[in-house]
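As a plain string of letters, each chain reads:
2 protein chains.
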Amino acid sequence: MAEVDEIVKRLQAQKGVEGVIIANSEGIAIRSTLEDQHTVQYVALIQPLLVKAKKMLLEMDPSDDFTYLRVRTEKNEIIITADKEYFMVAIQKPAP
Amino acid sequence: MAEVDEIVKRLQAQKGVEGVIIANSEGIAIRSTLEDQHTVQYVALIQPLLVKAKKMLLEMDPSDDFTYLRVRTEKNEIIITADKEYFMVAIQKPAP
Numbered sequence: 001m002a003e004v005d006e007i008v009k010r011l012q013a014q015k016g017v018e019g020v021i022i023a024n025s026e027g028i029a030i031r032s033t034l035e036d037q038h039t040v041q042y043v044a045l046i047q048p049l050l051v052k053a054k055k056m057l058l059e060m061d062p063s064d065d066f067t068y069l070r071v072r073t074e075k076n077e078i079i080i081t082a083d084k085e086y087f088m089v090a091i092q093k094p095a096p
Numbered sequence: 001m002a003e004v005d006e007i008v009k010r011l012q013a014q015k016g017v018e019g020v021i022i023a024n025s026e027g028i029a030i031r032s033t034l035e036d037q038h039t040v041q042y043v044a045l046i047q048p049l050l051v052k053a054k055k056m057l058l059e060m061d062p063s064d065d066f067t068y069l070r071v072r073t074e075k076n077e078i079i080i081t082a083d084k085e086y087f088m089v090a091i092q093k094p095a096p
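Note that the protein sequences, when read in sequence, are chains A and B. Numbers 1 to 96, taken from full-length UniProt numbering, label the letters of the first sequence in order. Numbers 1 to 96, taken from full-length UniProt numbering, label the letters of the second sequence in order.
Below, a list of computed lysine-lysine pairs in the DSS-like style, where the Cα atoms sit at most 27 Å apart: (1) B:93 to A:54; (2) B:75 to A:84; (3) A:55 to B:55; (4) B:75 to A:55; (5) A:93 to B:84; (6) A:54 to B:84; (7) B:54 to A:54; (8) A:75 to A:54; (9) A:93 to A:75; (10) B:93 to A:93; (11) A:93 to B:52; (12) A:52 to B:52; (13) B:54 to A:84; (14) B:54 to A:55; (15) A:55 to B:52; (16) A:93 to B:54; (17) B:84 to B:55; (18) B:93 to A:84; (19) A:54 to B:52; (20) A:54 to B:55; (21) B:55 to A:75; (22) B:93 to A:52; (23) A:52 to A:75; (24) A:55 to B:93; (25) A:84 to B:52; (26) B:84 to A:52; (27) B:55 to A:84.
Since the hints were derived computationally from the structure, they do not count as laboratory data. The structure displayed is predicted, hence computed values, not measured ones.
Modelling step: build the complete structure from the supplied sequences, incorporating the hints.
Structure representation (structure tokens):
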């Protein structure tokens with residue numbers, strides 16, 4: 001698990017990164033650089049979006065594989081990557 | 001409406017772009033460079049994802065605004081932008 005901490009630390013140290021969350025496929029955060037309240041809220045909101053994106057992709061092209069999801073807003077960029085067991089969320093300030 | 005056609009034409013001419021769809025907020029395609037069957041399928045799949053992303057954002061930060069959603073897969077990149085009345089989907093080969 002030290003490896004996970006190393007990844008989170010390195011990501012969090014990147015310029016503009018505001019928060020990093022790693023959660024399991026049941027939606028339980030296993031690492032987060034955010035306050036608990038935000039962590040729980042973000043995971044609860046992001047997981048259904050991830051599930052829907054994967055489902056959409058499966059119906060569009062079953063032979064294709066999900067890589068990542070990027071939600072760009074006025075203030076932030078939310079990047080969501082996932083494998084079978086975990087998903088990772090990075091929230092960052094958009095590059096100028 | 002000629003302006004919309006011009007935008008679609010210019011987007012479709014971009015290297016790697018496989019398809020462009022413009023649909024209204026009721027999920028009716030008003031322009032598409034794809035076959036009807038794909039257009040209807042993609043709009044039906046993408047619209048709920050867009051609605052969910054916007055809802056997620058509203059709950060995360062009501063003062064923030066949605067800009068775009070990018071779904072990256074092994075084979076493609078699906079970019080979804082939207083304003084109040086319309087949303088646009090561009091499907092492209094990811095840059096190498």
